[in-house]
Amino acid sequence: MKANAADQLEVRLAARALGRHGLAHAYGHCSKRLDADHFLVCAPRPMGLIAPGEDGWVVPVQGPLPEGVLGEVRLHQQVYRRRPDVGAVTRSMPPATMALGTARRVPRARHGLGAYFGAGVALWNDPQLVREDARAAAVVDAMGQAPAIVMRGNGLVTAADSLPVAASLAWYLEDAARLELAVLGAGLELSSQVLSADECARRATRDGAIFERMWAWLVAGDPELG
2 MKANAADQLE VRLAARALGR HGLAHAYGHC SKRLDADHFL VCAPRPMGLI
52 APGEDGWVVP VQGPLPEGVL GEVRLHQQVY RRRPDVGAVT RSMPPATMAL
102 GTARRVPRAR HGLGAYFGAG VALWNDPQLV REDARAAAVV DAMGQAPAIV
152 MRGNGLVTAA DSLPVAASLA WYLEDAARLE LAVLGAGLEL SSQVLSADEC
202 ARRATRDGAI FERMWAWLVA GDPELG
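Count along the sequence shown from 1, then add 1; that gives the number in my numbering.
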């Protein structure tokens, strides 16, 4: 199977955005489901360095990874295999999220962007690389139906119905982590309010082009957008 030009472009835009906004450095990757049996992952190099026109790789949802595809892409493969609702995955290294993860903590829903994780953020309590099918499957099982899982000392995975939403969620969670660290650093944990389930449900809206505006901001200035 071959990915079309529009899908290749969207994956490149998301990859460079994650790098440009400090959510990934030398390591990380993003992908988009093409159909029930295939997904497209970005080129296997630092996302911020992916060149205009540089195509990603088509990967089967079932079976071994194609030669040359990064081993941790098994995480994407297992998400697509276990969650038919997911249309895109990001794997990033956001610094505030990683700082909390070292303490086996995840951000709490203290502000509007945190509301998108009101049902909870999963935690994988193991800092080792995930390059085997069994380990990748275990991470995804721990993730369950959550939109994100923080991997202790090893970054973040987000999953959503589209790549613009998955990339936006990575930024949202990092902003929630930044706020969490600020609250903890100021000694305000006991007095800082956490949104209730009802507040989260009402605040985590998609109305008003919420994700479309975030995506536009994330990709602004990309060389392939002129």
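Where hints are given, some of them may not hold.
[Unchecked claim] Quick list of simulated restraints, FRET-style, between CB atoms:
1) G222 to A202: 31 to 37 angstroms
2) E133 to H39: 19 to 25 angstroms
3) E200 to G23: 24 to 30 angstroms
4) P128 to P61: 26 to 32 angstroms
5) A187 to R83: 36 to 42 angstroms
In short, the hints are calculated from the structure, not lab data.
Every residue gets a Cβ at the ideal spot worked out from N, C-alpha and C, and that includes glycine.
The hints, checked one at a time:
1. G222 to A202: 31 to 37 angstroms: holds, 34 angstroms
2. E133 to H39: 19 to 25 angstroms: holds, 22 angstroms
3. E200 to G23: 24 to 30 angstroms: Given range 24 to 30 angstroms: holds, Cβ gap about 29 angstroms.
4. P128 to P61: 26 to 32 angstroms: holds, 29 angstroms
5. A187 to R83: 36 to 42 angstroms: Given range 36 to 42 angstroms: holds, Cβ gap about 39 angstroms.
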